[in-house]
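Please arrange chain X on chain G, whose structure you already have, making use of the hints.
2 protein chains.
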Amino acid sequence: MNFAERAKELVSKMTLEERMAQLCNKAPAIERLGVPSYDWWNEALHGVARAGTATVFPQAIAMASSFNDDLLEQVGDVISDEARAKYNVYKKFGGTEIYQGLTECAPNINIFRDPRWGRGQETFGEDPYLTGRMGAAYVRGMQGNGKSKYRKVDTTLKHFAVHSGPEGKRHGFNAVVSEKDLRETYLYAFKYCIDHADAASVMGAYNAVNGEPATGGKHLVEDILYGEWGFQGYMVSDAGSVKDIHEGHKFTKNEVESAAFALNAGCHLNIGTSYRELPQAYAMGLVSEETITKACEKLFETRFRLGMFDEDCEYNNISYDCVECDAHRALNRQMARESIVLLKNDGILPLKTPKTIAVIGPNADRVSLLLGNYNGIPSRYATILRGIQEATDARVLYSAGVFPSTTSQMSDIYREAVVTAERADVVILCVGLNPSMEGEEGIDAPNSANCGDRADIELPKRQQELIRRVVAVGKPTVLVNVSGSCVNLCEADRLCNAVVQLFYAGAEGGRALADVLLGKVSPSGRLPVTFYRSTDDLPPFEDYSMENRTYKFFKGDPLYAFGHGLTYSNIIETPLDENTVEVFNEGPYDTAYSVLKYEYIPHKSLCGFKKIFVRAGERITVRFD
Amino acid sequence: MNFAERAKELVSKMTLEERMAQLCNKAPAIERLGVPSYDWWNEALHGVARAGTATVFPQAIAMASSFNDDLLEQVGDVISDEARAKYNVYKKFGGTEIYQGLTECAPNINIFRDPRWGRGQETFGEDPYLTGRMGAAYVRGMQGNGKSKYRKVDTTLKHFAVHSGPEGKRHGFNAVVSEKDLRETYLYAFKYCIDHADAASVMGAYNAVNGEPATGGKHLVEDILYGEWGFQGYMVSDAGSVKDIHEGHKFTKNEVESAAFALNAGCHLNIGTSYRELPQAYAMGLVSEETITKACEKLFETRFRLGMFDEDCEYNNISYDCVECDAHRALNRQMARESIVLLKNDGILPLKTPKTIAVIGPNADRVSLLLGNYNGIPSRYATILRGIQEATDARVLYSAGVFPSTTSQMSDIYREAVVTAERADVVILCVGLNPSMEGEEGIDAPNSANCGDRADIELPKRQQELIRRVVAVGKPTVLVNVSGSCVNLCEADRLCNAVVQLFYAGAEGGRALADVLLGKVSPSGRLPVTFYRSTDDLPPFEDYSMENRTYKFFKGDPLYAFGHGLTYSNIIETPLDENTVEVFNEGPYDTAYSVLKYEYIPHKSLCGFKKIFVRAGERITVRFD
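Chains as they are written, first to last, in the working numbering: chain G, 84 to 708; chain X, 84 to 708.
Bound-form chain G, shown alone (with noise of 0.2 Å):
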């Protein structure tokens, strides 16, 4: 039998009370049939995550800008492997909980259209054929790719659709888009990552589309999803999100109705309590038996292809020794290498052997600033000063910058900074956001006026002023941004030597940034996304339409564009034909490379790239098919 008839015969000994039970994502064990207790609710957006310790990878912003979706799905393969260990000896216990199972609530392949939105670090980028590529390569590498009978664990492409901001008002928002804004922008990487890495699930979103709830709405989900695309995976809707249909959008009177909604509308599994009403639902004839037992099948049949019943899957093979093993931190320190973007450099990079290193700022030893947001907890790391510290020998300095609340009484809080600066040969200048400015609502952002948004694009004031006051010195200044989103760097463009970009990096990222200062290894990120000059850039945030957002539309003049990224080297590209170009590296640096192809459908748009290592004075051919 396959997977889905041994689901059939499952669930036809089980009561129908039974089966709406497993339609939560606490799903109850069923002694009798010798099925486990098991929570759908897991997380690996960039690592596993919420289950203690784990290789935490680059933010997933961050990885987008490594332009090497091959890498990503290696990481894939070892987040994984590492899902799979957790699992293996967690099942022990019995069921497993939350966070300890395999169907995980990744990745997130919206698009980040505006800047200001808390949760863009969770995602791709701006672009929707980057999103397509990455998430793809990204649900190849986590499924297991074929390889196997069984899939390694499943992906959840989130947040079906149209879903970036504002979080403060995500449970009643309605995002109002044009059809062609929708198909081109928002649902191209969906379509993408399901057509060419058969991604197990999709999660319906909070928000409404066009007054239709996301969870659930025929034009998204009926005509859409299940209709033109004919998806065969199930459908799960965001923690809370069935709730959202009455109580948000008022789309329904109760929530026994907004279960029948969902249910009916093809999303298979509720995380949350909504589908608790079912019974409720069935007795007043809103949901059929058939349409239960079907959603039950579904997910019974995905818990077979994980293998969750069977002994001969080579998957419960995996060791728990494999988490955060040499080998996952030699990848992950890989990958954050090929995230760090450089922005700008008029020759002080690499760094040429200083005896006096200055690291000053606020994010030079924040450890917060490797996470991002959904991260599990490295035993191993380096911040930006302590990754410094361990590749040099020289001198390295350190001043926070600028200091908390203890301080409120001083009248120059910039003097530590200043004297650090005088004492140095070279200043590593680290500022930036962190994750408690920008993040989730409800979750990760303390920002709480704006619910983990942002209210405008410019760093803090006191970091402003920190910049001024180091570069006044008239040291060789290095300036790092850490962010998980466009920062206005203008200033900062304009007054230091060199301008870096690292979004939240990983455990490794100060060890990978280090490896890229001191000239390790060339920088060969690519930014994901726009880095405007100003707020005063942006359309409002609540407008959906794509008009003058992103590299595609934007009419103004970006400081850095989608794409920009510096290496050590000089690398030249000779268009051989359409689909054709040979890359000479005719700098003294080898380095990594990502060659990009547009084409203009009339707006520039990224149809093409690959990342290839160019030593110095190669050439490469790179074909695009």
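One or more hints might be untrue.
[To be verified] So the derived list for chain X, only partly shown, Cβ under 7 Å to chain G, looks like this:
hint : residue
1    : N171
2    : V172
3    : Y173
4    : I181
5    : K274
6    : T436
7    : I460
8    : S462
9    : Y481
10   : V485
11   : E499
12   : N580
[Unchecked claim] Calculated pairs, DSS-like style, for lysine-lysine (alpha carbon to alpha carbon, straight line, at most 25 Å):
hint : chain 1 : residue 1 : chain 2 : residue 2
13   : G       : K96       : G       : K174
14   : X       : K558      : G       : K174
15   : G       : K558      : X       : K175
16   : X       : K263      : X       : K232
17   : X       : K174      : G       : K558
18   : G       : K377      : G       : K301
19   : G       : K635      : G       : K680
20   : G       : K175      : X       : K558
21   : X       : K263      : X       : K687
22   : G       : K680      : G       : K263
23   : G       : K301      : G       : K336
24   : X       : K377      : X       : K232
Treat the hints as calculated values from the structure; they're not laboratory data.
Since this is a predicted model, take the numbers as computed values, not measurements.
Using N, Cα and C, we set each Cβ at its ideal position, and we do this for glycine too.
Just chain X now, kept in the frame of chain G:
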């Protein structure tokens, strides 16, 4: 001219208004007289604090556990070097600001009479003699011990007097205390540090004592401090304690009267702004010109004695290079090692080359645990986890053990800890408190319900359960408790193979602990406070009678007594005569060792201690003078 004469001459050139303005901590510049602005408020409890990067030594309570006052004097010497180095560089900006000067609001020599007091961690423990000896050593080290005609920095004995909670009531609390307890317990260390170390300054406390505000009360200040003791230094208020005289204690009618009361009593300097009312108080005839002038002369005498107006002061030459230099870090590690107290050991320690070590618990990788409160910022540091990782080739596994709120839906939050323990040869289980659970009202303690104090001496319930669950795995388990105060460790003592007390241990704390656990050095710390078995052992928190408190008067049976602390060796003390002891190390380990001497008056009372280093097999004769 001596310093007093120079001060008198300088002050004679000031107007009365200028003199009055010099009596607040933010003393303004008087340019025509060449007097730069100066802020008298500076912090250096266990390293230069709140002034950026500095060597962060173990918290005061930890250094007390070393029972090594010679070492503490060296620490004081190093801290004052760093304070001088910072002052020397910051004075070039014109005046120095808060936390950049030479007049340090340390040490805290209050008696840690009740473990619930959040600031107990700042003290040298519960014993007046130990507090006096350690306080005096710190003062000597900091002030330069008379090696120069200039004082290196000023120390301030705080908080004078009878000050130890509750934090939430401190601005209006009246401590009721017998004359015997006052003299024998609460004032002993103040007199000791004045007599034996010539402390520059005394700080008046917030509270009242037997109905008189401590900042100016007749019995404490006039009769005892200036009268009986003949104190020749200067007195400062606590931050805002002059305002408490009318607002909290209702002892005067308004701020004008409070300012007059405190100044007339001999409080020369107001940390705060109440002395801005002195012109009004003078106009009303509440203070005399002579009193104002004498206070101002006293303050300038100390500024002259600190060499602030002299080019030839040798301390001007202390270079910023010394801040957190290798020598200071080495001394820090030495102090951290000697601060560790081994409470129980069934022979498991030192560890015998395990292949896999599990480091488990919420206190294993928390930087805040190194810092305590009133701390600087270290640029190089090691948590417990990092210290063990650096020190061993064994595989080190890690689980934080209990997780934050994202696991709230988990019914069993201990699984990772259990799994991690199962995979190891030995478990290091790191529990305890942290500086957000015990601290100062309004500053360091989000523990807002109790304003920094604790309601009881128990470990958090989830940590108690963590201990049970991890121990149940059956692996050899070393419990490390990190806290700034006594915690009920009865169950840990019963369940674990070894119990180690680490007070907030400073930047090198993790490395020092690894040195001890892995046998590089033998532990040699002793408890400076009683470890009680239960909160029920304690009298009411607000009762300042010493009856049934501390090892001297406690009638019950403590879990670990004051002075308790094991080494890895076996030390045999043989009294030779009343003042001489032979110390024989009959065990296999070299170790530092503190010999304690008690008298019975009639209660048991520490009257001498001396720390020595005894090699295995060695006999040393120790004489108490």
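Unsatisfied constraints (hint numbers, rising): 1, 5, 6, 10, 12, 16
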